[in-house]
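Visitor: For reference, the chains in residue letters:
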Amino acid sequence: MSNSRKIALISLLSLTNLAMVLPAAADPARDAILATLAEEAKKADPAFGGFSAERGQAFFAAKHTGGKPDTPSCTSCHSQDPTAAGETRAGKRIEPMAVSKNPSRFNKVEEVNKWFGRNCNSVLGRECTAVEKGDFITYLSAK
Amino acid sequence: MTGQNYAVAGDEGSQPPQMVRVWDGPTRLFHWLLVVSVAVAMLTGFLAPEWWMGTHLFAGYAIVLLLAFRLIWGVFGSEYARLINLARSTRYLGAYVRGLALLRPPHYVGHNPVGALMIFAFFGVFLGLVATGLMVQAGEEKQGPLAGIVGYAVGHAGKEVHEFLAFAALAMIAIHIAGVLVESWLQNVNLTRGMIDGRMPLPRGFRVPTPRAARPLAAGAVMLLITSLSSATLYGLSRMPPLGIPIMPENATYRSECGACHWSFHPSLLPKTSWEQLLAELDEHFGEDASLPADKKDEIARYLSAYSAESWDTEAANRFRLVSASDPMQITKTSYWVAKHRQIDTKIFQSAAVKSSSNCTACHKDADTGRFDDQKIEMPKVSRP
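Keeping their order, the protein sequence lines are chains A and B. Position in the first sequence (first residue = 1) + 231 = the numbering used here. Position in the second sequence (first residue = 1) + 2 = the numbering used here.
Looking at chain A on its own, in the form it has when it is part of the complex (with noise of 0.2 Å):
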């Protein structure tokens, strides 16, 4: 085997393994999201220790009260299971939330600052946290 033949194997190899470490869908721009989420919140609160998937899972699933009647939780409309569709109220189709089913989610910062906008007044009668943006895109990126 020649050296450049073996050169080639190598960086084939290597870059195998790295997509396999990777989550399933890197996205610069999602890091970024998060990346100015994170600063947000270590603004708010200097002790903020980083996104929590849990915590995202919780908020996602959770009754809310304080916002509007019809929609108590974030998933009335995306579904309890985010790697499936969900439902407008108006019954317009909602593609998946997780990541893994849906790789363009979470990557437009106006999309995102449009949508956590208007659905967390909708749901909580108020603006999300960053902690709560953080973690929500955290437990959807890695579901």
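In short, the hints are calculated from the structure, not lab data. Be a bit skeptical, because a hint or two may be false.
[Said to hold, decoys possible] Subject to a maximum C-alpha distance of 27 Å in a straight line, what follows is the list of computed DSSO-like cross-link-like pairs (lysine-lysine): (1) K161/B to K323/A; (2) K273/A to K357/B; (3) K299/A to K357/B; (4) K357/B to K345/A.
Based on these hints, arrange chain B on the given structure of chain A.
Guide: This is chain B only, laid out in the frame that chain A set:
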């Protein structure tokens, strides 16, 4: 003498009367084809749901062609098909009615005077129906050859006349059938069979007329000439763009932003003031926050104002302009919408294929054009568990 076509009643002998050929083939064929076309038009017009409109229109066009043929055949056809023969027959109206009052009406070969009058009345009513039908089709539905000339208001007025004439036609058909039955009974002849085999008994003492023969070649030539002239005219007219349907560009921002939670409603379905109010209250949008950044909201506001109901002359735009006083932002609360959808089972609206009454595209396949044609209504199949 031609055209002498009645005899005084009361001189029937004992032997069976001589049968003569009265109705020529084309006249009989016309009669029964007209019966079928009118029956189809009546059934689809009075009874069938709106998506049968295509069949109704087809019957209407068949009636025009049949009437055109009959008028031409009324000039070139054989003796008793001729309009002049019919017209002449009406001269004996007085004598006929007097006889009828005594239950001894005179015998006729061909149409009796009342029958002849009825034929002319039928011509008038059917032509009126066809003309007003084309007006409704053009004005309200934006279809057909007159769509480029007739606006909604005229079409809508035409609809009133169309409906009146349809009831008049129904009454006339009833009278016509009753007349045939009474006359058949009084004179002991089967008039209906006459319209099938073309033969009628020749009353005794009636001079056998020397009927004029048909001139089918001339009739065919005129028919060809008239149909090609009118097809050319209609084709030319139908090339005109329909009145009151502006060319609306696609707006991607509207489509995606207002289409995220439901179908992006056609801008023609609400008046400008309703759209303005709706956009001003997006944070409280039917129980949800649907707020938008200012730049997108402005772009959508411009688009919706430019193409709101006021800019369209479709039936939907004309009707939905009259919004409900209590819910001015809801198409589904307008009295027109409620009236048109009252008979639909709520189960259908809740079915998986529809989900919500605001999901217009589930049943109206042309909703994205704002036209809401009758022929484009397709009810989804509701599967019952």
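Visitor: Now look at each hint and say whether the structure bears it out.
Guide: Evaluated hints:
no. : hint             : result
1   : K161/B to K323/A : violated, 37 Å
2   : K273/A to K357/B : violated, 44 Å
3   : K299/A to K357/B : holds, 21 Å
4   : K357/B to K345/A : holds, 25 Å
Checked against the numbered hints above, the structure violates hints 1 and 2; every other hint is satisfied.
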